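Chemist: Respectively, the protein sequence lines represent chains A and B.
If you count the first sequence from 1, position 144 lands on 143 in numbering that gives the first Met the number 0, and the numbers rise without skipping.
If you count the second sequence from 1, position 411 lands on 410 in numbering that gives the first Met the number 0, and the numbers rise without skipping.
Read the hints as simulated data drawn from the structure, not as lab findings.
This structure is a prediction, so every number in the text was calculated from the model and none was measured.
Any given hint could be a false lead.
When the alpha-carbon atoms are kept at most 30 Å apart in a straight line, the in silico DSS-like pairs for lysine-lysine are as follows [to be verified]: (1) B:Lys476 / A:Lys27; (2) A:Lys162 / B:Lys74; (3) B:Lys229 / A:Lys162; (4) A:Lys149 / B:Lys411; (5) B:Lys341 / A:Lys162; (6) A:Lys162 / B:Lys411; (7) B:Lys404 / A:Lys162; (8) B:Lys341 / A:Lys149.
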Amino acid sequence: MKQEARAPSEKRGGGQNTFSYYPGCALKSSAREYDISARLCCESLGIELRELADWTCCGASSAHATSDVLAVALPGKDLHAASEAGYPLVTACAMCFSRLKIAAHETADMATRTLAGDVSGNIVPVMHLLEVIDSRLASLVPNKGLAGLKVACFYGCLLVRPKAVAIDDAENPQVMDRLMRTIGAEPMPWAFKTECCGAGLPLARPDIVRRLSHRILLSAAAVGADCVAVACPECHANLDMHQAGMGGKHGGEVRVPVVYFTQLLGLSLGFSPYELHLDRHMVDPLPALSSKGLA
Amino acid sequence: MFVCHCGTNIAGVVDIARVVEAAKRMPQVVYVSDNKYTCSDPGQGSIKNAIGEHKLDRVVVSACSPRMHEKTFRKAVAQAGLNPYMLEIANIREHDSWVHAFDKEGATAKAIELVRLAVAKVSRDAQLHARQIGLTKRALVIGGGIAGIQAALDIANSGHEVVVVEREATIGGRMAQVDKTFPTLDCSACILSPKMVELSSHPRVTLLTYAEVVSVKGFLGNFEVEIRQKARKVDHASCTGCGTCWQKCPEKVKSDFDLGLGERTAIYIPFPQAVPPKPVIDLESCRYMKYLAFTASGAEGKKPPQCRICEKLCPTGSIDWEQKDKILTEKFGAIVVATGFKTFDHSAYGEYGAGAYPDVITGLQLERMMSASGPTGGEVRRPSDGAHPKTVVFVSCVGSRDEAKGRAYCSKVCCMYIAKHAIMLKEHDPEVQSFVFYIDIRAGGKGYEEFVRRAQEEYGAIYLRGRVSKIYQEGRKLKVLGEDSLIGRPVEIDADLVVLATGIEPSTGVVDLAQRLSISYDTDRFLVEAHPKLRPVETQTDGVFLAGVCIGPKDIPETVAQGSAAAAKVAALFSQEYITTDPMTATVDLMKCTGCMLCAQVCPFKAIGSQTMRDGKVLANVNESLCKGCGLCAAACRGKAIDLRGFTNQQLLAEVTSLWQ
C-alpha cells in the first residue's frame, strides 16, 4: 500500500537521480559513441548511471524469434539483477529497451514469471534514456543553444510500439522533438518518424534495408533537415552505414548525417564534437554542424 | 385472488389447479378463481364482478410482470370501486413459468410461494391517493439546430409558448453548414432557411440566441431555468441588420462557421442567412475590447488602436459597449434537449498528419467549400494553393469504429455523405477522380443504397475496401498509403486533396447540461433515452425530452422525426390541466428523522430537501413531485424514519416472514 502511494513523477524517475544502466551489446561495440555521449550527458545533468553488474544479452532479434521462454527469461535475468539493485533500469538502446520492458510487462503475469525462472518480487520500472531526460526538461538549461539546426527526429519502431510498452504515440511521437526544441534546435515536422529502417536485415537483404532507409532519408532531406537524430543503434547503422549504397534505381542520392540525440544534447551542454565522437559516423555531420557554428 | 393461465405461458408449466387450491387455504383469502387471460375484457370483468359479489376489499392477480399489466388491473379495481392501490401482482410468468419451464413441480411450488408473498403484502396495503399539481404550459428547447427548430415549431403550432435557447449567434446548427443533403441532393439551406425564418417570426416562439442554460430547478410541469444571455454589445432592438458594421470592421479572424477555411470580422453574423440577421461582437477579437483590456491591465508599451469603427458607422446607434451578460429566470413545464453534435478532431490521427497538412480536410470543410455562400464561393479548392483538385481520396471512419481512439460506435452518416461528395465533386468538375477507402458501406435507408451505387457506377468513384495507414506530403501531392483488402494488396495514391470522414461526437458541454437536468449520458457522452425502443425521446427525468444527434448519430430525416416526436410528447403533456403524480413515494416520519440528510445524498432524483421545524430542527423533506419511489433513501435511512408508500418496511417484512409460516 505504501509503495503504491509513491508520487508518479518519482515512479517515472522524475524525482530521483540514480539509475541502473543497461548499455547492451551495441553500445559497447559499434555504437560506442552513443554510450559515451549518453554517459557524458547524464553526468552533466546530474543523472547517476550505475552500470548493471554482470548484465547479459537482452535477447534482441534472435531470442524472441526462437523461444517464448528465452524471450522473457534473458531480459528477465537482467530485470532481476536491477530489482535487487533497487534503482529504475534505464537503457539507451531501443532494442534493449523493448526487450526489457516487454519482459517486465509479461512477467506482471505470475505464470510467465514462473516460466522465466528467477524473476521475482517487485520489478523496478524500465525506462528509455529519452524518458528520463524528458522528465527533466523543465530544469534543462543548455550551455550553447543549437539555434538554426534543423533536426528530423527519427524514432523507429521499437520505442513507440507495441502500445503496452511504448514511450510515446506510435504515429506522431513528440518526446525527442520536445528535447530538441528545449536545446534550441528546430525539430522538423515530417512523416517518416516511425517508419521501418529495415531493422535486422542489413546482412541478409541489404537491398530492402537500402530501399526503406532511403525513403526515410529522402523524406528528411525534403523537409530541409540538417541531420537525422536517432535513439537506436540499429536505426543508426542502417541509416548511416548504408547511405553510400543508396540511390540508383530508387531515386536520387542522398547525404544526410545521422547522429544520436545524445550527441546533439551533448553539444548543447558544451562538450566538443570530438568528446562526443561525432567524427565516428560514415556520413560526416561536422560540415553541417560547423556551417551552423556548432562545431 | 385471480390466477391467470396466460394461455399456455403459465398454465403450460405451472399446475394452476394446485395454485388455486393452495391459495384458498391462505389466511384472509375469501375468493379464488382462475382465468385463461385475466387481462382480457372478460378477465377484467370477472375481477370487477367478484369485487361486488364477495365484497372484496383487496385483490391479488397472479399473472405476468407488474410492468406489463399493473396499470390495467389498477384501473379495473378502481372501476369496481376499490382504491386502485389495494392490488398486488404475483409475477408467476417472468419470475416463474418462463424461467423454470423444465421444472414443472418446482415452478408450481414457487408459484404458490409467490402468491403467499403477495397475499401477505396486499393485506397490509394502504389506500393511496394520487396528487394533482399544476403545470406551466410553456416549453424550453435547448439547441437551435434542425432538431430544436422542428420541436419548437411543432410545439408552438399546437398552441403553446416556446423559448429556444441557442448558444451560437444564429440558429440553424450543423445543417446550416451543409451544402446539399443525401440522397436527393436537395439544397440544405433552401429547405432549412424557411424553417429558421418561420421560427423567428412565430408569435408563440421566443428566440434566445447567444444564450446558455445556467441552472435548472424544479420538476415536471414546474421547471425554473436560469438562462444567461451573453453580451452581444449590439442592441438588437434597434439594430436593423443593415450590415455596415461587419462590412467595415477591420479585424479579421478565422470563421468558426466555415471551419477555419474563411474569415469573418470581429463584429459578425455567422453566415448571410443567419437568424437573427443581426450581429454580435466577438469579445476575443474586437480591437476596442483588446484596447480596454490593455488599459485595464495597466501594462506598459504601445496601446492597441481604439478602433470603434462600427460604433461610428452604425446608423441606428446600436453598438452598446456597456451591455453585460444578463441572467433571465424563466418558468417552463417541459424541456426538450436538442444539443446536437460536433465532428471528431482528427489531430488524434498522427498517421494522417495530425491536422498538419492543409490539404487534408474534413467532410464538413468540403461541405463549406461546396456551399455557394461558403469561403470559396462554391468552388472546391485546395486550402494550400487554391488549385482545383483532380484526385480526391476519401477516408471513412476517422474517429468512428476505432476503439484505439476511444470511438467504438459508427457515426452513421459518413458513408452517405462520402457518396454525396463523390457525386458532387464530379458534377463540379468532370475531371475529378474520387477514391473512397471504406470498412463497410452502411447505406440503410430509403434510396440510400441506390445512391451509393450511383456514386460508383454513374460517377465513377472507386471504392477500395481497406483502411488508410498513412498520409504524407510529397511535393504538392499527398501520398496516401492504404490497402485494398479485397485483392490483398497495398495501394498508393497521389492525391491532390484528402477528405477525412470525421465522426460525430456530442457537443461540448453536454455533460454539464445533463448533470444540471439530472438526465443520464453514456460513456460516449450521448444522452440516454428512457427506453431505447419504446421511449426514444423521453428521459428518466419526467418532463425532459430529447431529440436529434445528442442521443446518438443520425441523419436529417431521423433528426426531424425526433424533433416532432419530442414535440408530440410535450403537446400531450400540455393537453392536461393537471399532472397526476404517482403516490408511491417516500415519506419521512418526522418523529424519527434526525436530520442527518444521508437520504438527500443518495437520492438520484434530487427529490429530498430539508425543512426547518418550528423548534429549529432541520429535517428531511421529500418533494413528492420529484420522487420516483426507488426506495434508496428508505434503505439508507439509519433511523428507519423513511418509508416507501406501497412498499413499506412492514409490508416487505410481512412478505419475508410469510415464507416460513
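Chemist: Under the constraints set out in the numbered hints, which ones does this structure not fulfil?
Modeler: Result: hints 1, 2, 3, 4 and 8 break, sorted rising.
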